[in-house]
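Starting from the structure of chain R, add chain B where the hints point.
There are 2 protein chains.
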Amino acid sequence: MAGVDYLADERNKAEFDVNEMKIVWAGSRHAFELSDRISRLVASDPAFRKDNRPMLSRKELFKNTLRKTAHAWKRINELRLTEEEANKLRFYVDEPAFADLHWGMFVPAIKGQGTDEQHQKWLPLAYKMQIIGCYAQTELGHGSNVQGLETTATFDPQTDEFIIHSPTLTSSKWWPGGLGKVSTHAVVYARLITDGKDHGVHGFIVQLRSLDDHSPLPGIIVGDIGMKFGNGAYNTMDNGVLRFDHVRIPRNQMLMRVSQVTREGKYKQSNVPRQLVYGTMVYVRQVIVSDASYALSRAVCIATRYSCVRRQFGSQNGGAETQVIDYKTQQNRLFPLLASAYAFRFVSEWLKWLYTDVMQRLQANDFSTLPEAHACTAGLKSLTTSATADGIEECRKLCGGHGYLCSSGLPELFAVYVPACTYEGDNTVLLLQVARFLMKTVSQLGSGKKPVGTISYMEQAEHLMKCRCEVQRAEDWLKPSVILEVFEARATRMSVACAQNLSKFANPEEGFSELLADLVEAAIAHCQLIVVSKFIEKLRQDIPGKGVKQVLGMLCNIYALHILHKNLGDFVSTGCITSKQASLANEQLRSLYSQVRPNAVALVDSFNYTDHFLGSVLGRYDGNVYPNLYEEAWKDPLNDSVVPDGYHEYIRPILKQQLRTARL
Amino acid sequence: MAGVDYLADERNKAEFDVNEMKIVWAGSRHAFELSDRISRLVASDPAFRKDNRPMLSRKELFKNTLRKTAHAWKRINELRLTEEEANKLRFYVDEPAFADLHWGMFVPAIKGQGTDEQHQKWLPLAYKMQIIGCYAQTELGHGSNVQGLETTATFDPQTDEFIIHSPTLTSSKWWPGGLGKVSTHAVVYARLITDGKDHGVHGFIVQLRSLDDHSPLPGIIVGDIGMKFGNGAYNTMDNGVLRFDHVRIPRNQMLMRVSQVTREGKYKQSNVPRQLVYGTMVYVRQVIVSDASYALSRAVCIATRYSCVRRQFGSQNGGAETQVIDYKTQQNRLFPLLASAYAFRFVSEWLKWLYTDVMQRLQANDFSTLPEAHACTAGLKSLTTSATADGIEECRKLCGGHGYLCSSGLPELFAVYVPACTYEGDNTVLLLQVARFLMKTVSQLGSGKKPVGTISYMEQAEHLMKCRCEVQRAEDWLKPSVILEVFEARATRMSVACAQNLSKFANPEEGFSELLADLVEAAIAHCQLIVVSKFIEKLRQDIPGKGVKQVLGMLCNIYALHILHKNLGDFVSTGCITSKQASLANEQLRSLYSQVRPNAVALVDSFNYTDHFLGSVLGRYDGNVYPNLYEEAWKDPLNDSVVPDGYHEYIRPILKQQLRTARL
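Going down the list, the sequences are from chains R and B.
Residues in the first sequence are numbered from 1 upward in steps of one, following full-length UniProt numbering.
Residues in the second sequence are numbered from 1 upward in steps of one, following full-length UniProt numbering.
This is chain R alone, in the form it adopts within the complex (with noise of 0.2 Å):
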């Protein structure tokens, strides 16, 4: 049976040009290519194998990553990667390791804060790997309230030194990838102290280990900090904890682009623009989107195949049985999900394109932007990344039972991903600064200070508080103006409700703390506004292929009235939308599903993804799951004997009655 493809009747109804999808999806030609051309390149090389990860041990887990490690870098050299390809080989090989943190945070640190001095001595070691580093922020005690960190870098002008001390055990280094085990130097960030004073915090490198042997230099205390959610996934990585005793280094080794110290001991601002770092926040959570587009597409991808593959129920007359794909519950659940993975890639797109703007700004002292992008950065990563990890988990649920085998690839899929809900600021506190920022607009409409950017809409304020939705019938919802028009003033409403409740307490911050959840709300609809909208920008643009701009405009449609569903309440009660108009987007809504469903799988093929990176029996590209869900049975390692290691103790005493004298 081998070769046999069990979808292909589904891939036949397809209506639109998948080859074409496929580079809509990837963003361009260039981008199919070199993605199809790596991951064939990781799939098809035995050393990148991962089937059996969920199995192994700590010990035996690591060391494969380690291998897996070196591996990649040993082939990346041999076959002279580009910088692009490199990253799309790390991203194939889907497993978190230590080098991650070294290219994706160590180099870009240093590259960010250090000056041309450490440039050029720090830079090129990096590039060859002659030093592995990472990114020492949070502490034991302090994650995202990064002015609270507590260890010190005390500048002794004695020895032209920093002392980095850890004074507390909160203070100690805590989570940092790749510290545990592996990085020889990390940028460690820390209190500056010089002369008594206190200036903040402020980045320095430090050597942890020897480079001879590996173990740590004096003065310091660094391990892995333990198991974390899941099997294999995350515990791949050496999250670290690192205590200091007085540590010294030269003070050339902090990161004086923006501050420095000078040998006299005096701190000292350059004329750098502190905002460049903004710009750095700007690009890693454009990647933390686009990455969120990929794991729920992910997901997206298992649940879809095997929805078609699995049947129950509705057998007529003793024929085949219903495929869950075609319960309108199914459909409710998926078809969002599906939605959303491409208006993520449509998103982080266009951030891309945000990240080029900001920096020719900053380049050019232009920081006028820069509120805007900062709230808009903060609020997709939250948005998306929330909305990624609990669709992951629906997506097992969709699988049924079945999705809870680790060989589904699901139940690692989503302990692997959560931490994104987290790192790179905890999605609650991200959306406050976006309600922040939201509330400065409104306070400053009708002063002359135009709003920019995504936050454009407001200009219209007037209208939108007072317009009414014209919708009559289902069809009108499928109009992007009106739907343009209806989230717009959703997210007018609320803001502006929120901006009038805060003026009733006479101290603004005692009104925002109390406010705190309705802010929240109001921000989500900001940014579930811009997704949409740019979701809709997406589809005026120029899309080739036969049926493909048709079906995306299915699902920019499903998405903008999933969440109008979901969030009825906002719309509704602050008079969007009638009650009437309401059951009219959900009627559209159970159209719009009609007409994805003979698409799905096709839709799910463009992400062209191969099996080894889907890491899933049950998302198969040929949907031949059970037979293989049975054989993967077999690997278990409990499955090595018939009768199990602990019989003759623990059992056979229990069925022969002998417990009372049997040893435990």
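Honestly, the hints are just simulated from the structure, not real lab data.
Copies of the same chain look alike in the list, so a pair counts if it works inside one copy or between any two.
In silico SDA-like cross-links for lysine to any residue, where the CA-CA straight-line distance does not exceed 25 Å: (1) Lys128 to Pro216; (2) Lys328 to His374; (3) Lys635 to Arg67; (4) Lys121 to Val258; (5) Lys656 to Leu123; (6) Lys656 to Ile131; (7) Lys504 to Gln595; (8) Lys656 to His214; (9) Lys440 to Asp518; (10) Lys504 to Ser579; (11) Lys566 to Glu587; (12) Lys128 to Val643; (13) Lys656 to Trp73; (14) Lys128 to Leu217; (15) Lys13 to Asp326; (16) Lys111 to Glu424; (17) Lys549 to Arg11; (18) Lys74 to Tyr647; (19) Lys74 to Asn87; (20) Lys111 to Leu123; (21) Lys466 to Ser579; (22) Lys635 to Tyr234; (23) Lys580 to Ser443; (24) Lys656 to Gln120; (25) Lys63 to Glu632.
For chain B alone, kept in the frame of chain R given last:
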């Protein structure tokens, strides 16, 4: 510092009698004392240690579970524990094991479906565990649709035997707990075939393994289905796969209480009402709802205590930072879950009553309340398990980054809990059963057939369709009668709207399929009303103890108003409340959060969980989190050596630029 209580300040703030609340939570003084005694017994026995569970390999983990199970059974016999005490002991050992299925499914199946002679033969063996049994129903290809099972039991009149056979790969039994490695016997569900005629699915007692050496009997292939979600978690259980190749069993091993096959191969029904099986179903689901309250309360206990320990932001003049529990965003996520834990506890107590009521009626051949009891337990199983699964993950996120560590206890709690959303009825499938019942009830309104029990509110459908909520001030939302009426009105209006939409379809089944998503929402509205109304009923009882009833009243209002807020679209779009009233509800909710705040730690102390049972460094009773988190980290196997295994092969060659020649 041993013995210091870092949460003492929190405990001193409580405004109610914690000891009395413990009794309310447990259900009675007897239940409290039993629970307290058994939980301490387990916690103090080093054989039941579980903190190392996430680090064990599958084989070590499983062997360890066998040891604990044998030890538990030994202690149960030594201490001559009652059945109630033995159940509690297994509960507090807190490790899924084959014995759960033996006692929870195998024994009850024989009791419920076996004849008197079968009881006499099999139960004594099972009670002494001279045989160990499991419950083999689900197959690789069929879970939800029990009537679609493929395994056959064909009567052979020649030999007076049944031939049990697995005709296809998808007919392999798949998932039964205890099957994979331990059970000697199983109740196997198979299609009964006599003389070529298929009589549907029936239960059969089948021996699987030799009682001499534990090897599978001829014709039987049996093994474990492999790793499942999470570290430790359900991997302690040997969920199994089982195939039969024409295995013969004597005729008297068909469970014959309800239907029989005679020596001649004639199929007969006895006069025992088939409805008796519903009694068992009500019982099992009551246990599941009760377990939901325990699982959710554990997560809430951990998150509440750690939210008091953890401080972030808000330091003024160098003082302590703000306890995260004081943020309204934290309260808005945490307190509704605290309220839900209590709400589920009380509704499960009521379900216990419902079970005895149903059983008494069945004995008296009164089947009138059965459809309502069935719908109500199906719905509550679905509602509480979904809310609990989501709630545990929310609690994990409420603990920030540290919730991702296994030592927080939350990852394992989530992973071990989530299958409850799928087993004993997939939660969506169950809600559709509720929806069918609701549509039937609506169709019978005015027909003279009076709705009973939890659906009796529909008697006032006429009033509920047009009533207007009287709330004018935030305090009005504290009135139970107001809350009940809006929940009843919402549930009625959603059901009636579905019924009206259904009536537009020529083919009712087609309409039902098309409107599945709306029907699910109507069912949820009905179930949420049940939980709210049972909480309110509980508060009408006499509850002794200073402040106990008052603080429970706050929780009841939080539960109801939070549900109202989360489902605002339902309430507003059906005209049950106005948007003005919605914002008054929000205002009241904020005020309730402030009132509950000082009682938060005492409310989770009232669960009376030992640190052993909680299994969480973050949730420790004494709040001494950070030093213990730090200690815990060093126990990871990766920290056995300072330089990790793999350094010489895979790290050093990178650093020394010797990868080209390295053997990877």
